[in-house]
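Chains as they are written, first to last, in numbering that gives the first Met the number 0: chain A, 0 to 305; chain B, 0 to 277.
Worth flagging that the hints you see were computed from the coordinates, not collected in a lab. No experiment lies behind these values; they were computed from the predicted model shown. Some clues are possibly wrong.
For lysine to aspartate or glutamate, the following EDC-like pairs were computed, each having C-alpha atoms within a straight-line distance of at most 16 angstroms [claimed, not checked]: (1) A:Lys122 to A:Glu182; (2) A:Lys2 to A:Glu73; (3) A:Lys98 to A:Glu114; (4) A:Lys2 to A:Glu34; (5) A:Lys125 to A:Glu182; (6) A:Lys98 to A:Glu118; (7) A:Lys35 to A:Glu191; (8) A:Lys137 to B:Glu277; (9) B:Lys176 to A:Asp60; (10) B:Lys183 to A:Asp60; (11) A:Lys278 to A:Asp28; (12) B:Lys183 to A:Asp80.
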Amino acid sequence: MTKPFIEITGLTKRYPAPKGGEPLTVFEDANFGIEKGEFVCIIGHSGCGKSTIMNILAGLDTPTTGGIIMGGKEIAGPSLDRGVVFQNYSLLPWLSALKNVTFGVRARHPEWTREQVVEHSQKYLKMVGLTDGAEHRKPSQLSGGMRQRVSIARAFAIQPQLLLLDEPFGALDALTRGTIQDELIRIWSATEQTVFMITHDVDEAILLSDRILLMTNGPYARVAESVVVDINRPRNRAEIIHEPAYYKIRNHLVEFLARRSKELAGQQNGRESAGAPPKTVRPGLSEAEEPERRPAGRPQLVSLAG
Amino acid sequence: MTMALPERAKALLLSLVLLATFLGIWEMATPGSKSGGQLSEYEMLSGGGAQQARVPPPSQIFEKAVDELSKPFYDNGPNDKGIGIQLAYSLYRVLTGYFLAALIAIPVGFLIGMSPLFYKALDPFIQVLRPISPLAWMPLALFVIQDSQASAIFVIFICSIWPMLINTAFGVANVRKDWINVAKTHELGALRTAFQVILPAAAPTILTGMRISIGIAWLVIVAAEMLVGGTGIGYYVWNEWNNLDLTAVIFSILMIGVVGMMLDAAFAFVQRSVQFQE
Ligand SMILES: Nc1ncnc2c1ncn2[C@@H]1O[C@H](COP(=O)(O)OP(=O)(O)O)[C@@H](O)[C@H]1O
Ligand SMILES: [Mg+2]
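The task is simple: from the sequences and hints, build the whole structure.
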């Protein structure tokens, strides 16, 4: 087996004990990989350390133990190779939407002329549907959805090798979320970007990702399972719900979040499981779990079940 | 047929009514008399001025204002200069001391705001120096600098440095972590982070400090010039008091207010231009 593009090994985050308290182990021994061009979502209850993992991937935080290797190099500090879309957009409020994007493009391509930078930025703003003067408005004059679009444009415009998204649609209403999800899929399929995304929305995860990582509750959270989303692309919101695999995956995720994330919580890894990657499950492939109730048809869903 | 006036117009109208009432009562209470400025040398020496040293009516102050403002820059020797010249001297001192203070306060404030170590190291000095009345420095300044002009500027420097220093440090230290993270993920160097992210983010707070400072500097210059003498609006007030020319005293008090208001308005304008909405 060849090494994946991004390799996370033995990642643990512990906060030192406050006065008279116990040290807090947020998560420990996270081992997983991300392939080039893959769209990976991570789901887990609030506080299990998803943002912490993402910040470590971004280079903004450091693990207590373990490390991350990306493209053969250890991650140490932030880099333009990893673009981040923060949960609260993190646009610079004193700059217009366009200037927020050129801010990133200029950092990426300091040798470019002003015109090149603006042209490139406009292209990405157009891709997320921000045109007709909206790009000259300040973030405070834009709706939440538009701000998130700017934030996505800024991250995509620097063309990073890895795109990190922290609950990017958490604060948006359902309709806006839907449109931006569609846009994200469209841009992602056009750019073949590697994406790592945090979400708390199982439907969003199924719609967008190739693989979903499930985390148990913290403290001592672990990345317990890697759920493969065996649904063909291109996907879209209206049709995906007619896929038989959709509900199997969905039920598996919901069941995990509702019950097993709690049951598995707080379990410290035994010696034998230390360093092991999460168990790969493919609920979308019927024969893997329920051979007797396999639905007819849909030959494209049948593949080499793991 | 009462038309609904906008709130602004109503307030303005009320202001004018209050002003007119106040001036009317004042005018009535003080019968007009020859203004102090028109006393001859002899009358003044013989104590004629003493009788004139009562509060003049507004009409007389108005006359004085028209007269002074029609020739603001005349210069008839050390004790008789136009109000424009006196104000210019004061403004020159205030702005010199103030910008010297800004030159030090803003970079040092940046340093303190960025580095908890420097903050802790410099904090005791700031805490002790800040509550000292700026005028308390005057004797020491006169002795060390040996120049009354420079001493006045020093006093302005020392009084305007603190609000700028403290506000800059506070503004810089409280820049949202998210914005710093944006700078980090874009691999911005320290200098570019300072100028492209921290400075614009902290600018509203810094400008608030600068606005407070200019207000204090303008308060202090009057007192400083009363002590130092020679030129300036503070000296002018004191000099007119010694001449028992209360019309001129009141006129110059008004001018101090007007100039102070204009300085504040100028800084308010700059403050608005760096303000941003989150
Ligand atoms: N500086 C810190 N000191 C102590 N605990 C922290 C600190 N920062 C975060 N934590 C803890 O780490 C846990 C994980 O946080 P986070 O990664 O934001 O979770 P998630 O994104 O999954 O909701 C939380 O329980 C939080 O209380
Ligand atoms: Mg989070």
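Results of checking the hints against the structure:
Using a Cα cut-off of 16 angstroms, the hinted pair Lys122 of chain A and Glu182 of chain A holds, with the two alpha carbons roughly 14 angstroms apart. Only pairs whose Cα atoms come within 16 angstroms are accepted, and Lys2 of chain A paired with Glu73 of chain A is accepted, the gap being roughly 14 angstroms. Between the alpha carbons of Lys98 of chain A and Glu114 of chain A the distance comes to roughly 13 angstroms, so the proposed pair stays at or under 16 angstroms and holds. For the given pair, Lys2 of chain A sits about 9 angstroms from Glu34 of chain A by alpha-carbon distance, which is consistent with the 16 angstroms threshold.
Pair hint Lys125 of chain A plus Glu182 of chain A holds up; C-alpha atoms about 11 angstroms apart against a cutoff of 16 angstroms. A hinted pair counts as satisfied when its Cα atoms are at most 16 angstroms apart, and Lys98 of chain A with Glu118 of chain A qualifies at roughly 12 angstroms. Note on Lys35 of chain A and Glu191 of chain A: the hinted pairing holds, with a Cα-Cα distance of about 8 angstroms set against a maximum of 16 angstroms. Straight-line distance between C-alpha atoms of Lys137 of chain A and Glu277 of chain B comes to about 9 angstroms, which keeps the hinted pair within the 16 angstroms bound.
Between the alpha carbons of Lys176 of chain B and Asp60 of chain A the distance comes to roughly 13 angstroms, so the proposed pair stays at or under 16 angstroms and holds. For the suggested pair Lys183 of chain B and Asp60 of chain A, the alpha carbons sit about 11 angstroms apart, so the restraint of at most 16 angstroms is met. For the suggested pair Lys278 of chain A and Asp28 of chain A, the alpha carbons sit about 14 angstroms apart, so the restraint of at most 16 angstroms is met. The suggested pairing of Lys183 of chain B with Asp80 of chain A holds, with an alpha-carbon distance near 12 angstroms, which does not exceed 16 angstroms.
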